[in-house]
Amino acid sequence: ASVSTPAAKIAFGGTGIKTGAGELKAGPAYGNLGEGKHGTFIRMPAGYVSPLHTHTEEYFGVVISGIGVNAQAGVEEVALPTGSYWFQRGKEDHVTKCISSTDCLFFIYQPGKFDYLLAR
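Going letter by letter, the sequence shown gives residues 4 to 123 in my numbering.
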């Protein structure tokens with residue numbers, strides 16, 4: 004079915020993924036990130052820096068607000084301001100950050116279930 008959801012109606016909940024800057028919050032657009040194909044809004048606190056990690060499935064991300072970074076291990080970081088896009092291959096070590104002074108809001112599309120695996 005077709006859906007139109009105002010931003011104020013997106014229900015964000017905790018993901019359990021935390022750093023000293025706070026917890027990632029997820030707001031579903033469609034699908035269920037814990038079960039399979041999904042489109043999900045991710046709210047990342049200002050100053051958040053993930054540990055080096057991977058995901059089993061590839062995903063696509065778009066920056067809606069704030070300035071993010073998504074960089075693979077050993078690769079130069081590129082600031083991603085509002086409107087920017089990234090693609091992250093599955094099973095590839097990377098770090099994701101919110102480098103703006105305000106929280107970041109990303110939209111991700113993933114063709115499979117979301118997982119978050121710390122790099123070995």
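Hints may contain errors.
What the hints assert, rightly or not - Listed below are the simulated DMTMM-like cross-link pairs for lysine to aspartate or glutamate, each with C-alpha atoms no more than 20 Å apart in a straight line:
| # | residue 1 | residue 2 |
| --- | --- | --- |
| 1 | K40 | E60 |
| 2 | K21 | E79 |
| 3 | K116 | E61 |
| 4 | K116 | E95 |
| 5 | K40 | E79 |
Worth flagging that the hints you see were computed from the coordinates, not collected in a lab.
Verification of the supplied hints:
Distance check on the hinted pair: K40 and E60 sit about 10 Å apart at the alpha-carbon level, within 20 Å; holds. Among the hinted pairs, K21 with E79 is inconsistent with the structure: their alpha-carbon atoms are about 24 Å apart, more than 20 Å. With a C-alpha separation of about 10 Å, the suggested pairing of K116 with E61 holds against the 20 Å cut-off. Distance restraint check for K116 and E95: the Cα-Cα separation of roughly 16 Å lies within the 20 Å cut-off, and the hinted pair is therefore satisfied.
Note on K40 and E79: the hinted pairing is violated, with a Cα-Cα distance of about 30 Å set against a maximum of 20 Å.
Violated hints for the displayed structure, listed by number in ascending order: 2 and 5.
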